[in-house]
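Student: Below are the chains, spelled out letter by letter.
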Amino acid sequence: MPENMSISVNGQSQVPPGFRFHPTEEELLHYYLRKKVSYEKIDLDVIRDVDLNKLEPWDIQEKCKIGTTPQNDWYFFSHKDKKYPTGTRTNRATAAGFWKATGRDKVIYSNSRRIGMRKTLVFYKGRAPHGQKSDWIMHEYRLDDNTTETTNVSNVMGEANQEEGWVVCRIFKKKNHHKTLDSPISSSISGEARSRMFNSCNEGALEEILQQVGRTCKEESEVHNNLRLFRSINSGIQNVYNDSFMKLPSLESPNSTSSQNCYQPIINIENESSVDNQASTGTFNSVYQMDSSLTNWAVLDKLVASQLNGHTETSRQLACFNEPTMGYCNPSDGQQDFQLPTLRSSSLSSNRSYHGSEDYNSEIELWNFTRSSSTLSSNDPLCHVSNRIV
Amino acid sequence: MCDDSVNLPPGFRFLPTDEELILHFLYRKASLLPCHPNIIPVLDPYFHDPWQLNGKALCSGNQWYFFSQMMENRVSENGYWKDLDFEQPIFTSASKQIGVKKHFLFFIGKAPSGVETSWVLQEYHLCDFGFNSSSYKRKRNPKLDCYKWVLCRVYERENNSESLCYGDDDDTGTELSYLDEMFLSLEDDLADISLPD
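Protein sequences appear in the order of chains Y and U.
Counting from 27, one number per residue, gives the positions in the first sequence under my numbering.
Counting from -1, one number per residue, gives the positions in the second sequence under my numbering.
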């Protein structure tokens, strides 16, 4: 490999702008770890050796920096499960805590050939058994024993007993999906992180727009798909929903379609955030904690704007049913009393039926807040989201 | 391809932030400053269908990058890019606006009756540095042609995928699997019992 790379790990490291170390598991095992165990020179010292017993995760973060670009994961070589003859010391314990394995090891394949294993560990602060679980996660990759033997590294087999313990590790902070906007993390994020947050926040909004583009041609099936998805997402809400659906069609069919449309964007919010959780592996962990909620903000705003546009139409339709629905307001039935007035007031307030579920309290708060702010900017639903972040 | 100066070891990928795209690439290109590394080629996107970008634009994962001159008609051989009317400002870490990102969707056929595809174009534009961000459109300096340049990123949305996919492998291990999450939450409940001394 040519020597024209402008990168080094120690001190004045320079990765060309725009580049990040984001290796696949295959690259970690097949390229880096295999070279390590067979004493081959690795062109650049991008993965350093770390003694897990001496460094806390937050120190590793500092030591394993690559370049000056922000990172959300860090890589190093370490020794697998050092054995202590006296046996008094817990494996992978540091001064502040210890790494504890969790789950089952995962087999890593390359071209459907097994090349290694991945172990997941969690960092606990304190001492077992009273450690306090942290958000720090480690993936420890080891080569399969037979993989090492079948390759041409047999020249070092004599020393294998001593050196076979090399593993390559990646540490990162677990994403926490349930943080709110008030989370302390918001005060500590850097400007760089904030601009990234913008990106991902708006990717969500973009997707929403793109979905709207697609929706025009397949409106019908979309609504039904979303309804199905929604039902499977939250069975707690489902009951409330079904109740309202059971009753609304009995009023008249035009009414029921309009209320389906009202519900649809809410369903999209669910959709958005759940997929978000899986999809944004590339964003920074520290930032991510705000992402899903911010994405929801954007989506909510869009939703509100679209609802405001269709609002008059819906209300007009609903108004037609004011008289007939009175007949349904049986005083002995509290639930109907609860729902029907909201139907009369506006399509927006149909969300009040959410109050029955604790899970949705936060959604409701978001909703209410957004609703009040959206009156200021119904034309450009996204602009005040940006303002708020800045 | 003009990938002549970057030869990084395995595992390095071009995953630029919006800020990097503007400051390190578009701004330097427009100001006729040398780009290090000079990896993003200049090409006219609107004569290329998005699936023809391979080998012409800089490819990273499932994304293609290239510079272009700003044009009114974004029409290619087999289709056109439709403006989604969705712009987002791009800020520096110091919260100063330096650019704007516009979004387009590729349609096959002739406007307005084309067939929607899943190809997305993000067009990065510069805005005046050091000026009030809200007035960037009016404060363009006519002497400089730097506002003619745009930087484009093209990618294909994955079905049912809600965000940009970084890199080429979904499971690079930077996130916990659901199984891991489940074990972790189980261990919360069992922490006192299961932890070894």
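Any given hint might turn out to be false.
Stated by the list, open to error - Per the computed footprint, the stretches of chain U lying under chain Y, defined by three or more beta-carbons under 8 Å from a beta-carbon of chain Y, are:
id: 1; region: 7 to 17
id: 2; region: 101 to 115
Unchecked claim - Calculated cross-link-like contacts (lysine to aspartate or glutamate; reagent style EDC-like; alpha-carbon spacing at most 16 Å):
id: 3; chain 1: U; residue 1: 100; chain 2: U; residue 2: 75
id: 4; chain 1: Y; residue 1: 91; chain 2: Y; residue 2: 66
id: 5; chain 1: Y; residue 1: 145; chain 2: U; residue 2: 179
id: 6; chain 1: Y; residue 1: 132; chain 2: U; residue 2: 179
id: 7; chain 1: Y; residue 1: 200; chain 2: U; residue 2: 178
id: 8; chain 1: Y; residue 1: 199; chain 2: U; residue 2: 179
id: 9; chain 1: Y; residue 1: 91; chain 2: Y; residue 2: 75
id: 10; chain 1: Y; residue 1: 199; chain 2: Y; residue 2: 85
id: 11; chain 1: Y; residue 1: 145; chain 2: U; residue 2: 81
id: 12; chain 1: Y; residue 1: 159; chain 2: U; residue 2: 70
id: 13; chain 1: U; residue 1: 146; chain 2: U; residue 2: 70
id: 14; chain 1: Y; residue 1: 199; chain 2: U; residue 2: 85
id: 15; chain 1: U; residue 1: 80; chain 2: U; residue 2: 70
id: 16; chain 1: U; residue 1: 108; chain 2: U; residue 2: 83
id: 17; chain 1: U; residue 1: 100; chain 2: U; residue 2: 85
id: 18; chain 1: Y; residue 1: 199; chain 2: Y; residue 2: 82
id: 19; chain 1: Y; residue 1: 67; chain 2: Y; residue 2: 82
id: 20; chain 1: Y; residue 1: 62; chain 2: Y; residue 2: 170
id: 21; chain 1: Y; residue 1: 67; chain 2: Y; residue 2: 85
id: 22; chain 1: Y; residue 1: 199; chain 2: Y; residue 2: 161
id: 23; chain 1: U; residue 1: 108; chain 2: U; residue 2: 47
id: 24; chain 1: Y; residue 1: 200; chain 2: U; residue 2: 179
id: 25; chain 1: U; residue 1: 146; chain 2: U; residue 2: 42
id: 26; chain 1: Y; residue 1: 159; chain 2: U; residue 2: 47
id: 27; chain 1: Y; residue 1: 199; chain 2: Y; residue 2: 66
id: 28; chain 1: Y; residue 1: 132; chain 2: U; residue 2: 81
id: 29; chain 1: Y; residue 1: 145; chain 2: Y; residue 2: 131
FYI, nobody ran anything at the bench for these hints, they're computed from the structure.
By construction, the Cβ of each residue, glycine as well, lies at the ideal position given by its N, Cα and C atoms.
Student: Give a verdict on every hint.
Tutor: Comparing the hints with the structure gives:
| no. | hint | verdict |
| --- | --- | --- |
| 1 | 7 to 17 | holds (count 11) |
| 2 | 101 to 115 | holds (count 3) |
| 3 | U:100 to U:75 | violated (22 Å) |
| 4 | Y:91 to Y:66 | violated (23 Å) |
| 5 | Y:145 to U:179 | holds (14 Å) |
| 6 | Y:132 to U:179 | holds (14 Å) |
| 7 | Y:200 to U:178 | holds (11 Å) |
| 8 | Y:199 to U:179 | holds (13 Å) |
| 9 | Y:91 to Y:75 | holds (13 Å) |
| 10 | Y:199 to Y:85 | holds (13 Å) |
| 11 | Y:145 to U:81 | violated (46 Å) |
| 12 | Y:159 to U:70 | violated (56 Å) |
| 13 | U:146 to U:70 | holds (11 Å) |
| 14 | Y:199 to U:85 | violated (32 Å) |
| 15 | U:80 to U:70 | holds (11 Å) |
| 16 | U:108 to U:83 | violated (19 Å) |
| 17 | U:100 to U:85 | holds (5 Å) |
| 18 | Y:199 to Y:82 | holds (13 Å) |
| 19 | Y:67 to Y:82 | violated (27 Å) |
| 20 | Y:62 to Y:170 | holds (14 Å) |
| 21 | Y:67 to Y:85 | violated (26 Å) |
| 22 | Y:199 to Y:161 | holds (5 Å) |
| 23 | U:108 to U:47 | holds (13 Å) |
| 24 | Y:200 to U:179 | holds (10 Å) |
| 25 | U:146 to U:42 | holds (13 Å) |
| 26 | Y:159 to U:47 | violated (51 Å) |
| 27 | Y:199 to Y:66 | violated (31 Å) |
| 28 | Y:132 to U:81 | violated (44 Å) |
| 29 | Y:145 to Y:131 | holds (5 Å) |
Taken one by one, the earlier hints fail for this structure at numbers 3, 4, 11, 12, 14, 16, 19, 21, 26, 27, 28, listed in ascending order.
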